[in-house]
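Number of protein chains: 4
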Amino acid sequence: MIIVLKSHATPAERDGIIQRIEELGLKPHVSEGEERTIIGVVGDDRGIDAGPFEALSGVDRIVPILRPYKLASRDFKPDATRITLGNDVVIGGPKIAVMAGPCAVESREQLLQTARAVKAAGATLLRGGAFKPRTSPYAFQGMAEDGLKLLAEARAETGLPIVTEVMSPGDVELVAKYADVLQVGARNMQNFNLLRECGSAGKPVLIKRGLSATLEELCLAAEYVLAQGNRQVMLCERGIRTFEKATRNTLDLSAVPVLKEWTHLPIVADPSHGTGKRSLVPSMTLASIAAGADALIIEVHPNPERAMSDGPQSLTFDQFTKLMQQARAVAAAVGRTL
Amino acid sequence: MIIVLKSHATPAERDGIIQRIEELGLKPHVSEGEERTIIGVVGDDRGIDAGPFEALSGVDRIVPILRPYKLASRDFKPDATRITLGNDVVIGGPKIAVMAGPCAVESREQLLQTARAVKAAGATLLRGGAFKPRTSPYAFQGMAEDGLKLLAEARAETGLPIVTEVMSPGDVELVAKYADVLQVGARNMQNFNLLRECGSAGKPVLIKRGLSATLEELCLAAEYVLAQGNRQVMLCERGIRTFEKATRNTLDLSAVPVLKEWTHLPIVADPSHGTGKRSLVPSMTLASIAAGADALIIEVHPNPERAMSDGPQSLTFDQFTKLMQQARAVAAAVGRTL
Amino acid sequence: MIIVLKSHATPAERDGIIQRIEELGLKPHVSEGEERTIIGVVGDDRGIDAGPFEALSGVDRIVPILRPYKLASRDFKPDATRITLGNDVVIGGPKIAVMAGPCAVESREQLLQTARAVKAAGATLLRGGAFKPRTSPYAFQGMAEDGLKLLAEARAETGLPIVTEVMSPGDVELVAKYADVLQVGARNMQNFNLLRECGSAGKPVLIKRGLSATLEELCLAAEYVLAQGNRQVMLCERGIRTFEKATRNTLDLSAVPVLKEWTHLPIVADPSHGTGKRSLVPSMTLASIAAGADALIIEVHPNPERAMSDGPQSLTFDQFTKLMQQARAVAAAVGRTL
Amino acid sequence: MIIVLKSHATPAERDGIIQRIEELGLKPHVSEGEERTIIGVVGDDRGIDAGPFEALSGVDRIVPILRPYKLASRDFKPDATRITLGNDVVIGGPKIAVMAGPCAVESREQLLQTARAVKAAGATLLRGGAFKPRTSPYAFQGMAEDGLKLLAEARAETGLPIVTEVMSPGDVELVAKYADVLQVGARNMQNFNLLRECGSAGKPVLIKRGLSATLEELCLAAEYVLAQGNRQVMLCERGIRTFEKATRNTLDLSAVPVLKEWTHLPIVADPSHGTGKRSLVPSMTLASIAAGADALIIEVHPNPERAMSDGPQSLTFDQFTKLMQQARAVAAAVGRTL
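Residue numbers (my numbering), protein chains in the order written: chain P, 84 to 421; chain U, 84 to 421; chain V, 84 to 421; chain S, 84 to 421.
Keep in mind that the hints were calculated from the coordinates and are not lab data.
Careful, some of the hints might be misleading.
Treat identical chains as interchangeable: a pair holds within one or across any two.
Here are the computed lysine-lysine pairs in the BS3-like style, where the Cα-Cα straight-line distance is at most 30 Å [claimed, not checked]:
| # | residue 1 | residue 2 |
| --- | --- | --- |
| 1 | Lys-328 | Lys-343 |
| 2 | Lys-328 | Lys-110 |
| 3 | Lys-405 | Lys-343 |
| 4 | Lys-286 | Lys-202 |
| 5 | Lys-89 | Lys-160 |
| 6 | Lys-405 | Lys-89 |
| 7 | Lys-153 | Lys-328 |
| 8 | Lys-343 | Lys-89 |
| 9 | Lys-405 | Lys-328 |
| 10 | Lys-178 | Lys-260 |
| 11 | Lys-286 | Lys-178 |
| 12 | Lys-89 | Lys-328 |
| 13 | Lys-328 | Lys-160 |
| 14 | Lys-89 | Lys-110 |
| 15 | Lys-178 | Lys-232 |
| 16 | Lys-178 | Lys-405 |
| 17 | Lys-343 | Lys-160 |
| 18 | Lys-160 | Lys-405 |
| 19 | Lys-160 | Lys-286 |
| 20 | Lys-153 | Lys-286 |
| 21 | Lys-160 | Lys-110 |
| 22 | Lys-178 | Lys-153 |
| 23 | Lys-286 | Lys-343 |
| 24 | Lys-160 | Lys-178 |
| 25 | Lys-110 | Lys-153 |
Turn these sequences into a full structure, and let the hints steer you where they fit.
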């Protein structure tokens, strides 16, 4: 890190800062500028909180130099991580994975119909929520374990691996019993106990970016899982919260190439939550592919008008089938398959 | 709610929408405008998700009329809620409560010294974290139950009730054994399982606004706790995330009068997290009082330069003592005490 | 518009609101709900400010129903607007236009070299700034009329039409003498005098979205130009300001399909300003095409390391040439040419 | 500035960067860390654009050390600037100035009534818009010079100096003929030609923070005026645009103490625009005083329900008079007068 001193910092303040750096086993590197003195801290300061330095008398601000995550970074592992599910699904390779299905598991018929339809259209995984984080306590909260059982049944019939959300550390074991991929939702991206528990669950983890999380914080959320020894992590851009209300969220597609530069993890884009509007999902799905996403999350429902959640952003079977055809063309144009 | 139809919606689409409203036991109220048709939905639609209507063919958008929370609203309970702790602490009355203490419990000496100092300066509660939500897995994560025991010891000595954070549903019982007020942190404001668990814990709950949570979502988080039968909830403005980087967060002080209009719950302001800088805490503390806050959270540390977290925003004992004097003058100017 | 009354509004307040509606020549349409009364206002209230209603006693809030712009809307003009420049450039048709060139005109050689290179690679227009809006008064402010003359010279040689920024109402006449398209920059999107002046200039106008402008405000900026009788307006998404600092701005690509639903105007995407980083420009250019953009702005410089502004986001000639090839493939995949 | 090199930067890249620094007459100061090399640039680099360095091969990012403004900074001028208007109004001293009046000048009677009422209640200046920046071209655009004449008449009668907005460089001379303080509105904060023109007008300038402007950008806007030789500049916090829609804008009151640390200029707070709601103006006015504001802008109208703009946030005469009494008490509590 670099410590920038205040313009009127005294020599005593400067010496106090230097002493503190040395106490921590690091080396100070002082540059006296015309207007400001700056002190570089040499050594791996990743485990060291910048706060105490910021609190020292005479300090104007701290500039971090090293990225605060390590296991998630490209510097640490230059090769792209590929996550294999079952015999033939690979996430992070040239083939783009498509995770399709309803927002929530609502019934056996709803789920099985959807699983068959998305399979027929070419989806790679089946998604569906059994535990639903809802803003209001009065909204439908999901079918819980009954939903997980239906997901397992749909997998048994179609062969599609399952991705489903887990909301609480206490539920990780239960969800991991059924799911192929554990999803950590946007509202739980900084639920650190949940991340740690997922790190020990032995299943791949998909972490959705929080509504106001920076990309660096998203990488640090991955670091919580990776640090437990679970190296099968993928990151998902699903829209951030901004002042614009024309869309439910603002899909920050630049996150895809940025994260691919910073990390070796597969990057997922979710144009369904990212826009919140069915009419926008096709164009943003194609844009996600063009931006370089390794996988996509697309909500599909047999009858969106009757969906218990996220109906406005769910595609019908026909719309999804048509979109998959367009998606294949764009994938080919950027040298990938789908 | 009001359903605004698309400008080219057909009569069949309109009738489909009406039919759906009636199916749900509500009454449609159709207004045909020159350019648009709108349909008012009469009845308590609070438990009804707007999504399915938004997904109906011919619908342009849904305009909610009723606020989605009920138990938290002033309409439901016009009188201000007062929360009593022990014999003489009341939050929500004319006396403004001051919750002071370190960000994290670090050691017996650090905590007891601070407890004595803030008590002497006039603080009402002792705050301190035993479970710390940290962005990086490599940062100090708190002393856990050992920290809770130290808090209890500090209470025994000073008589100050304790407010401390709980991060996981599985820890609620443990934390509630020691704490007088359970704090749900900003990153957990939409950790719905945690909120529900706090609703059953029999202790007052302080909910901090999420970094990108709207005030309506904050009220809905309270609703999760209230709906479990726990009516002792207070809401805390602690800064939101914006584009401005001069401060750690942007303290949205207008939230104080807005929430006091909308709800009957006591409102807390946290100028320490809201600014992230010691030099800004005094002026924003005074501004919080002038804005009408019922309580304040102020971080205090015996030696901020050595604090394991949040040193840059912690006051020294002397700074806190001086601030309390200024705060009393402003409280008096707005007809309150401190 | 719809007027939602407060839950405790009195009959006298209700009558006052009704009277005011009638005074304005509109018809009130009252619905008494169980908890709230709402009053629909029937008639074209587009020219009527909602403020006075919001200020009436008993009013909780106003819900606009009609979009506040008219000439820019698809309802008003369902067919897509096509803007023709010279003999063969059409913006808004199946062929995607590429506006390429340096951020700022710096010298004759720099500009002519770039013009030839982008022409050879297939660009449709030449862009370059002669008047530069700079955050700091100490930064390079542009070559002014000398720059315009160089742009005209480059057009004479290459045949590429010119798009260049105008910053002040007093400069519109001068810039229009040289430019084929007048660009209103992001910082001037709500410089209403400038918009009005551009509306009278007889040249097509490209309006860039302000850093924190909603899409509705962008359409209203277009309305200022359209209302002067100039129907040749195109809108440009160039990134908005959010909390995320990994990119210079957050390119909100959903704006492309949203604006195409709302308006008939051609939509431009600017991945150069939208990301601020050269390494991100190619993927976001392809994503812009996949999202449906009618035109692109791409900054190109003979030697980005020596550019006087925006070097970090400028492509070299080779990078641009390579990107154009990839772009053609993606355009073809979505049924367009480039 | 500090230049942080990429982790894999080559010696040739490093040398290229060093060469470039030396070409610009500055001195490089190289620190080789274990994982990264950083190069400090010694000398006043304020006039040097960071862009070209950012564009150099091998550079990861640039960290500015010096603040980019000079004339506006406390380092340059430690003493607080005081702006004197007429014989007895001083802005920036112990007495807090109150700028009160209608959003827009609508008629002679409306303005004179208001001027008398705010004078009687203790206001220091009269505010009122003659040129109104309106989001929609169909909204009331102000009375222009007729409005300015009414303002001058109100001043003649009450003795209150006038603050009024100027929207266009071409209008500066006209507005300066009537006004005591030229206001640059939020939408024009980066209208650099307007700022420059105001710098030559010989009248004090009040610059409102843009809706998404950082505080650093606000200081740079001041720098445009100061650099023309006009040292009478004040800065105004009036709310920024965030995701929260409960208020019209989010009043960022921390801006007051931050700007007072960074600059020597008087700081104004505008709780009327900052909240957009009459019921919130009193508490946020008191909070602004407690936060340390040197002046306040408060909208007052004889009949807010009939106001042509900003009625919902305008106070009645009675409300303003009552607020002034409360404001005096809070000012006294923080050692100031009003």
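The hints, checked one at a time:
Taking the shortest Cα distances, Lys-328 and Lys-343 sit within 30 Å of each other both inside one copy (28 Å) and across copies (16 Å). For a Cα distance limit of 30 Å, the shortest separation of Lys-328 from Lys-110 across copies, 29 Å, qualifies, whereas the shortest one inside one copy, 49 Å, does not. Taking identical chains as interchangeable, the C-alpha atoms of Lys-405 and Lys-343 lie at most 30 Å apart whether they share a chain (28 Å) or sit on different chains (20 Å). For the homomeric pair Lys-286 and Lys-202, the shortest alpha-carbon distance inside one copy (22 Å) is at most 30 Å, but the shortest distance between copies (49 Å) is not.
When the C-alpha separation of Lys-89 and Lys-160 is checked against a cutoff of 30 Å, the pair qualifies only between copies, where the shortest distance is 16 Å, while the shortest distance within a copy is 38 Å. Taking the shortest Cα distances, Lys-405 and Lys-89 sit within 30 Å of each other only across copies (24 Å), while inside one copy they are farther apart (60 Å). When the C-alpha separation of Lys-153 and Lys-328 is checked against a cutoff of 30 Å, the pair qualifies only between copies, where the shortest distance is 20 Å, while the shortest distance within a copy is 36 Å. For the identical chains of this complex, Lys-343 and Lys-89 are inter-copy neighbours only, at 16 Å across copies versus 37 Å inside a copy, given an alpha-carbon limit of 30 Å.
When the C-alpha separation of Lys-405 and Lys-328 is checked against a cutoff of 30 Å, the pair qualifies only within one copy, where the shortest distance is 28 Å, while the shortest distance between copies is 36 Å. Taking identical chains as interchangeable, the C-alpha atoms of Lys-178 and Lys-260 lie at most 30 Å apart only when both belong to the same chain, with a minimum of 27 Å there against 52 Å between chains. When the C-alpha separation of Lys-286 and Lys-178 is checked against a cutoff of 30 Å, the pair qualifies only within one copy, where the shortest distance is 21 Å, while the shortest distance between copies is 47 Å. Proximity of Lys-89 and Lys-328 under a CA criterion of 30 Å is satisfied inter-copy only: 18 Å between copies versus 41 Å inside one chain copy.
In this assembly of identical chains, the alpha carbons of Lys-328 and Lys-160 lie at most 30 Å apart only when taken from different copies (24 Å versus 39 Å within one copy). Proximity of Lys-89 and Lys-110 under a CA criterion of 30 Å is satisfied in both settings, with 20 Å inside one chain copy and 21 Å between copies. In the homo-oligomer, the alpha carbons of Lys-178 and Lys-232 lie at most 30 Å apart inside one protomer (29 Å), although the nearest pairing across protomers, at 50 Å, exceeds that limit. Both within a single protomer and between protomers do Lys-178 and Lys-405 lie at most 30 Å apart by alpha-carbon distance, with minima of 19 Å and 23 Å respectively.
With identical chains, the CA atoms of Lys-343 and Lys-160 are at most 30 Å apart within one copy only, with a shortest distance of 12 Å there and 42 Å across copies. Proximity of Lys-160 to Lys-405 under the C-alpha cut-off of 30 Å is restricted to the inter-copy arrangement: shortest distance 28 Å between copies versus 38 Å within a copy. For the homomeric pair Lys-160 and Lys-286, the shortest alpha-carbon distance inside one copy (20 Å) is at most 30 Å, but the shortest distance between copies (47 Å) is not. In this assembly of identical chains, the alpha carbons of Lys-153 and Lys-286 lie at most 30 Å apart only when taken from the same copy (21 Å versus 40 Å across copies).
Taking CA atoms no more than 30 Å apart as the test, Lys-160 paired with Lys-110 passes inside one copy only; the shortest distance there is 27 Å, against 35 Å between copies. Taking the closest pair of Cα atoms, Lys-178 and Lys-153 come within 30 Å of each other only inside a single copy of the chain (27 Å); across copies the shortest separation is 45 Å, beyond that limit. Taking the shortest Cα distances, Lys-286 and Lys-343 sit within 30 Å of each other inside one copy (22 Å), while across copies they are farther apart (42 Å). Proximity of Lys-160 to Lys-178 under the C-alpha cut-off of 30 Å is restricted to the intra-copy arrangement: shortest distance 21 Å within a copy versus 42 Å between copies.
Taking identical chains as interchangeable, the C-alpha atoms of Lys-110 and Lys-153 lie at most 30 Å apart only when both belong to the same chain, with a minimum of 21 Å there against 33 Å between chains.
Violated hints are absent here; each numbered hint is respected by the structure.
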